[in-house]
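Using the sequences and the hints given, assemble the complete structure.
Protein chains: 2
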Amino acid sequence: MSHLDDPATQTANAVAAPFLRIQEVAAALGLTTRTIRYYEELGLLEPAGRSGGDYRQYDADDVERLRFIKGLRDDAGFSLAEIGQLLEDEEARTRNRDRFRTTSDTAERRGIIDDALARVERQIASLREKEGRLTAMIAEAEERRQHLTDHLADLDAGREPAPHTHGRGQ
Amino acid sequence: MSHLDDPATQTANAVAAPFLRIQEVAAALGLTTRTIRYYEELGLLEPAGRSGGDYRQYDADDVERLRFIKGLRDDAGFSLAEIGQLLEDEEARTRNRDRFRTTSDTAERRGIIDDALARVERQIASLREKEGRLTAMIAEAEERRQHLTDHLADLDAGREPAPHTHGRGQ
DNA sequence: ACTAACCTTTACGTGAACGGTAAGGTTGTG
DNA sequence: CACAACCTTACCGTTCACGTAAAGGTTAGT
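If you read the protein sequences in the order shown, they are chains A and B. So the first sequence is numbered by the numbering used here: it starts at 13 and just counts up by one. So the second sequence is numbered by the numbering used here: it starts at 13 and just counts up by one.
One or more of the hints may lead you astray.
Identical chains share a label here; the pair holds if one copy fits it or two copies do between them.
[Unchecked claim] Straight line, CA to CA, 20 angstroms or less: simulated DMTMM-like cross-link-like pairs of lysine to aspartate or glutamate:
hint, residue 1, residue 2
1, K82, E100
2, K82, E152
3, K82, E154
4, K82, E133
5, K82, E141
6, K82, E36
7, K82, E155
8, K82, E143
9, K82, E94
10, K82, E53
11, K82, D71
12, K82, E58
I should point out that these hints are in silico values taken from the structure, not numbers from a laboratory.
The structure is reproduced here in structure tokens:
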């Protein structure tokens, strides 16, 4: 039960991972095939494999990674270069993944996971910082809103326009 | 006072608003003069006035507006086109501002403030939406982190690698 | 009045992030 | 085996958001 769990055997059992072709991935994520190839060109991701005829084959993890990239781009507003930094050298990760699958050295597995954990934590920190700055912007906007409602209240009360501290009319 | 209100006349009264030149504004905000002129070209802002020799003159409100634009760009990650939408036609606002200063019709003043209020509230809504998506991304990243720490705990406890649900190694 | 340090407009250049198309190879279905 | 519908690389085009001169005019200090 422990000496026989060959990591390569998964090709034999399971349902043989349902690989997707680039167009299917693109449709699923709302991207174009061109965009996905461009990201690969930048080193942001590498398909799990290639078919005999050199077609790119994506697995669920690839799709997940791409979805994350899209989130970093659209939701977090990072540049592709920054995303590259956050995700870090894909090549190194691929090697790690392979090493992880083939090694049974617990210390090595530990080290690999440690690295992954450090990366994820840097990602979280970056996202948190973005969130903080966004929150600050919201607070400022709400302050402006407050100024305007105050002003409106003054008008309703027939009071004078007030000396207007400095920042009005947005 | 109304037919002759030359924008330069303000030099006469008040403490002569401390107008800034483009370079000073740029330095204060960490932008380049080119960027500021470009934003003007796009209709994102218009300096409060011009000198006799056609130098752009910025007041505190202009600087505030520019800081907001920079925030929308850097912190919120909006495109300049989107920022233009959020800020809306600068020309119209300038006209409103002038009308606001010259009119004493309370109803009109009210309408102008109402408009500004509506704009600010749309801005807040946009920012909140961005914030929500960012928060969701953070939650996902934290989930990944949790997976990794779990995995690490398994290794420390000498347990088996676990079947790994689907998304590991970030 | 001279001069350095600003400013003006105009215009062409650039890197990022793709879009589009050409010229050809691959897959899967009848 | 034909054939439509996909895929491949390669390369040129485009939009956005500026950078970078060029050719002058303005301001402020001496």
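Status of each hint after checking the structure:
1. K82 to E100: Within one copy only: 16 angstroms inside, 28 angstroms across.
2. K82 to E152: between (28 angstroms within a copy, 13 angstroms between copies)
3. K82 to E154: For K82 and E154, only the inter-copy Cα distance (17 angstroms) is at most 20 angstroms; the intra-copy one is 29 angstroms.
4. K82 to E133: Within. Shortest intra-copy distance 19 angstroms satisfies the 20 angstroms Cα cut-off; inter-copy 27 angstroms does not.
5. K82 to E141: both (19 angstroms within a copy, 16 angstroms between copies)
6. K82 to E36: within (16 angstroms within a copy, 38 angstroms between copies)
7. K82 to E155: Between copies, since 18 angstroms is at most 20 angstroms while 32 angstroms is not.
8. K82 to E143: both (17 angstroms within a copy, 16 angstroms between copies)
9. K82 to E94: Intra 13 angstroms, inter 19 angstroms, cutoff 20 angstroms: intra and inter.
10. K82 to E53: Within. Shortest intra-copy distance 16 angstroms satisfies the 20 angstroms Cα cut-off; inter-copy 31 angstroms does not.
11. K82 to D71: within (17 angstroms within a copy, 39 angstroms between copies)
12. K82 to E58: Result: close within a single copy only, 15 angstroms intra versus 35 angstroms inter.
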